[in-house]
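**Q** These are the residues of each chain, in order.
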Amino acid sequence: MTRIELTVDGAKVSDDVEPRLLLVQYLRERLGKTGTVIGCDTASCGACTVHLDGRSVKSCNVLAVQADGAEITTIEGLAADGEASGADGQLHPVQEAFHECHALQCGFCTPGMIMQTADLLAENPHPTEDEIRQGLEGNLCRCTGYHNIVRAVQYAANGTSATPGTGAAAQPAAGSGTIDGGAA
Amino acid sequence: MTVDQEFSRLEDHRLAVGRGRFHESVRRADLAHLRVVRSAVAHGRLDGVDVAEAAAVPGVLGVFTAADLPDGPPIPARQPSPGIDFTPYLQPPLAREWVRHVGEPVAFVVAEDAYVAEDAARLVDVAISELPPVLDARRADGTTVESLAGVPARVGTIDTGYGDVAGAFDQAATVVELELDTGRHSAMPLENRGLTVGFDHDTERLVVWGAAKVPFWNRNVIARYLGVPDDRLHMRESDVGGSFGIRGELYAEDLLTVWAASRLRRTIRWVEDREEHLLAANHARQQHHRVRAAFTPEGRMTALDDEAWLDTGAYIRTHGAVVAALTAGMFAGPYRVPAFRSQVHLVVTNKMGVGTYRAPGRFQNNAAREHLMDLAASRLGLSPEEVRLRNLPTGEETPDARPMRIFGAPMLLDGGDHHGHVTKALATVGWDTWTARAGRARSEGRAVGVGMAAILEKAGLGHENAVVSVDTSGGVRVAVGSTSVGQGAETVLAIAAAEVLGVPPQAVRVVLSDTDTLHDGGGTFASRTTVVAGTAVHQAAEQVRDRAARTAARILQAEPEDVVVRDGFAASRHAPKRQLPLGALAQAAAAPGFLRPGEEPGLIARSTFSAPTMTYPPGVHFAEVEVDTDIGEVRVTRYAVTYEIGRTMHEGMARGQVTGGVAQGIGGALYEDLPYDADGVPLVRSQRDYRVPLARDLPDIEVHLFEDVPAPGNPLGVRGVGEAGIAGAGAAVMNAVRDALQLTAPLPRLPLTQATVLRAIRDRDAPAR
Ligand code: FES
Ligand code: FES
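Sequence lines, in order, name chains A and B. For the first sequence, the working numbering assigns the number 1 to the initial residue and increments by one for each residue that follows. For the second sequence, the working numbering assigns the number 1 to the initial residue and increments by one for each residue that follows.
Simulated from the structure, these hints should not be mistaken for laboratory data. For glycine and all other residues, C-beta sits at the position ideal for the given N, C-alpha and C. Certain hints may be false.
[Claimed, not checked] Here are a few chain B residues that face chain A, going by a calculated C-beta distance under 8 Å:
#1 G242
#2 R274
#3 S383
#4 S686
Construct the entire structure; sequences and hints are all you get.
**A** Below, the structure written as structure tokens:
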């Protein structure tokens, strides 16, 4: 057992942990931070992404002891951590953008995607579509086809819907009888 | 009333802030962890399992083998198939005498801590006398299986069709044929399989979180297995990180976990890791097709004939022969086919069992048939779109009942004018500009190509129950047997009630598949939630609205027809100022003064909707690809789908379903495969090795939803949309690659891995023999 002390979502915690305990397990099982989820445990899906001292890491790829002394932010502390006030129900702008752009379906990849996006935008506040797609390559989504996730990142970057691309939620209809033309 | 279609889903807030209710978020003080010990051998006689060392590890609560389990029946097939006896091919929850695939459960450990359970599981000693594995369904066909009591490897054949096929081929001006293999895929939802089962000491009941797909059926099977009444189990709703057909089928591990909770009388959690998921969650797709079609000189198809072998893996899984039935039954797609035959042989091998993965049968049959259509176009000197248009039924020819049955029900093409749909699709996406752009790129020496696929989809199957009620505070509750598998069922079903009751969807609480709130329920599969459950909710909500109107009429002394229910109030058209809140009406509807004989007290109604036949909407997929001919790598550079949706309940969600399906389909077309080595050992053991599309692999995906032909079979007119995006993706991408490489021959297999593409280029460039 090793003693660790760290800050998680703004709260100081200390614990005795086994050296092999993964950070993600520590967050989930010890601290009850179940918002951070596990998709692969081999650092290939990104579902478990959290911020460690401000940078995104895959928490299944970090031992709890390696987080000793660090400041960790999870999806559950993101709103309070950033520019948003953290009042109940308040969302971080990236959470807001995912919400707005239908960027989630099952929502299992969402915590990791949002944490990765927040980091991406901190590094590069106005990424191109290509930079977004590259920047998210460590995060798998099996539901959305990424389309609306890319839109959400653009939305978060610009504070508004970016390109009205043909596939986007705001896609203009072609011909009568398509959704926009035909729906009652 | 129409609901604002662009509001955010009801699920989104909790999921975006990390408060999803996945089964692993359930916290219990008495939680213990279950770890399965799996066969490392593909095929063999199980000589013994020694658990002594594992059982001695501190923290281990028990190590169990088949000898400890009840002598219950094997895992049953949910859907019988007339003429096929699945019994000898069903899997016991733990291997008894034989192991039949790598990953098959042979024992399990329960421990206080997940790490300890895993450590102890490694100490279980499994002795197996190996047998040679069977890995090729076609070669296995005709043999018998010692490890299944000597039964034939061929489980059965789904054989369907009509008309004089042989005669049509005799008369044909042109016959085209090809053989196609489709790879072994899996759905790979981001959340692994798992279950949390609590034991309630007060009631002795078992509370189950995480049964994602067909909880009522799973409950009943588990109860039978344990020998307890169904009601001893309480299946609770949970959020689920994707199903796509595979999550939530009843697996051996589900039985083991519930059994362990009842035996140890405490909360047990089983969560597989990704390697186990790859070894033991349903596989899908692996088929070999041999298909031919007969044409007149004008390019009219006179017959279509397919024979296919489905590698079902080691055991028949819960869906029975559904994949084969859909492959065969829908092989003709949208076309006018005067003579048709499709046979699919189900053959067992020593791989993981296959199940229904999003668009089962259709991903495969669309690929085989649509590739054949492109081949026919080349042979007949027609464009790919022209050969299709010549064979698509027009509005005058539909609705049309094909002289055959599918799942025992007639196959009524109710999707309207297929010719018209494709014509409109070509115009909508500007297909001319696609072919021109590809042609220009090729003239510059780039291997760019475009491909299309005309598909027939299907949706809605079986029945679903719903109860809609308004409580005395005015709260609206919908309880329904469907589950949420991450597709937004909660939102869609809230809309179905909200539009009838005139309340915002946000005001509706939806309880999905809680076995204590309903007595029976169907579940979530086959793009049926909107169609079947949506209709049940709609009908129940209508009854509640009418009852509210009747009650209001009695209070207001108005005619029920004059009462309008809107925004949570009822009022007479003639005196709109006097508004009665729904909550007050709920109270009144239970009060003796307002209750008429025979009426149930309160605002509550139940409804069941049973889809008499599936709905069969058309769709078209369009793909543009560029091939790097040096390394054989294919990149999809443009993609569009058109689909007849009947009516959209929530546009953002409908589009999302199509887009996500396309992404999965592109994965299946280009990367995804689960190969085995010669010893029957799976080569793909981690997420890293199972390449699924990443954000950078995909283009923007255009989705055009047509609402031209509301489904006649349900009052909402909806057609379901869950599988439209994946069904034609293999076909369209394959056709685009053939175009990019300007092949005269067909491509032999999906996925189009670099090796497959390079071989196709080599064969193309080889001097003719
Ligand atoms: S769970 Fe950590 S990357 Fe997949
Ligand atoms: S929303 Fe399901 S994996 Fe991304």
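**Q** For every hint, state whether the structure bears it out.
**A** Quick rundown of the hints versus the structure:
1. A hinted interface residue such as G242(B) counts as satisfied when its beta carbon comes closer than 8 Å to some beta carbon of chain A; here the least separation is about 4 Å, so the hint holds.
2. Checking R274(B) against chain A by beta carbon gives a least distance of about 4 Å; that is within 8 Å, so the hint holds.
3. For S383(B), the suggested interface contact is broken, since its CB lies about 21 Å from the closest CB of chain A, more than 8 Å.
4. Hint on S686(B) holds. Least Cβ distance to chain A is approximately 5 Å, under the 8 Å limit.
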